[in-house]
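Sequential numbering of the sequence shown, starting at 494, is according to this note's numbering.
You may find that some hints are simply not true.
[As the list claims (entries may be wrong)] Computed spacing ranges between beta-carbons, pair by pair:
id, residue 1, residue 2, range
1, V524, P551, 38 to 44 Å
2, W627, W647, 24 to 30 Å
3, V746, D520, 25 to 31 Å
Simulated from the structure, these hints should not be mistaken for lab results. The model shown is predicted, which means the values in this text are computed figures rather than measured ones. Note that beta-carbon positions come from the ideal geometry of N, C-alpha and C, so glycine has one too.
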Amino acid sequence: MSESAIGPAKGGSGAPLPLSGPGTAADLSEVRDWIALLKPRVMSLVVFTGLVGLLVAPARPHPALALAAILCIAVGAGAAGAINMWYDRDIDALMRRTAGRPIPAGRIAPRAALGFGVTLAVAAVAVMALATNWLAAGVLALSIAFYVFVYTMWLKRRTPQNIVIGGAAGAFPPVIGWAAATGAVGLEPLLLFAIIFAWTPPHFWALSLFAHQDYARAGVPMLPVVAGARETRRQILLYTALLAPLGLAPWAVGLAGPAYAGAAALLGAGFLRHAWRVLRDAQDAEGRSLTGDAPARRCFRYSLLYLAALFAALAADRLVLGGGAG
494 MSESAIGPAK GGSGAPLPLS GPGTAADLSE VRDWIALLKP RVMSLVVFTG
544 LVGLLVAPAR PHPALALAAI LCIAVGAGAA GAINMWYDRD IDALMRRTAG
594 RPIPAGRIAP RAALGFGVTL AVAAVAVMAL ATNWLAAGVL ALSIAFYVFV
644 YTMWLKRRTP QNIVIGGAAG AFPPVIGWAA ATGAVGLEPL LLFAIIFAWT
694 PPHFWALSLF AHQDYARAGV PMLPVVAGAR ETRRQILLYT ALLAPLGLAP
744 WAVGLAGPAY AGAAALLGAG FLRHAWRVLR DAQDAEGRSL TGDAPARRCF
794 RYSLLYLAAL FAALAADRLV LGGGAG
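With the hints as constraints, model all of the structure from the sequences given.
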């Protein structure tokens, strides 16, 4: 048996031949850019809340169909993110947080990103309709359209209420999951929608407090830019005070049991504590933080934990502890 059959092939100089071509690193980088268009960090929370909506529904679809539904929610969310990046490429280039995104950085052509997003959106809705039902597909299509046309193209650059109204786009996933499982939409998934809807403003306003210079540079009328930091802090506390009792709604209507209620109460109290600290942050005469917005940064991080933990508690209470009416 020859040496080449039992060892690495060698070129004329005796050096081992490369295991991959010179374009491999560049190819992987391009793949990462296409994935980045889908906003995977945002997608992860969207997929999780959609999954919980499906799991806590009274009906149980076949596991293969359930997996297809969750994939469609993921792809639909990613498609909306790609179209959002295509439309916002001008303001993304002006903000330090987003200047490195694939389109403003020149690594992906805008037209290609748009085609990518539209193709994924159509595919996600079509597969959802075939795998589950037309209601779930319709709600998925509505969520994509709302994020693209209502939030991205209409509200984001026109009003400080962009996050308040536009927050509906991110609140649809549990409704989609529930509809995929049951073929219907009732009070319970609408309450899950309401929780995410109320969660969105304090979550994003906490971010906007320490990223307000970026938004001001890009001309995006986020609340701190238009109304000032002090009013934004008050609004964060106001919406958190609304959210904390709303988190108990699944228990109140019988969707979850006392274990969930306890978790929701503790999580809500924690969010209120962070919101209060944001309000009481040391400020100058114009309401700007003297601490580098440290409380706002902690509040933003906690808001992510809050929503993930709340929905995890709902799933655990319903599936493991048998909470709820049935």
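Quick check: does the Cβ-Cβ distance between W627 and W647 fall within 24 to 30 Å? Cβ of W627 to Cβ of W647: about 27 Å, so the range 24 to 30 Å holds.
CB-CB spacing for D520 and V746 relative to the 25 to 31 Å hint: violated, 51 Å
Outcome of range test on Cβ distance (V524, P551; 38 to 44 Å): holds, 40 Å
Violated hint for the displayed structure: number 3, the only one.
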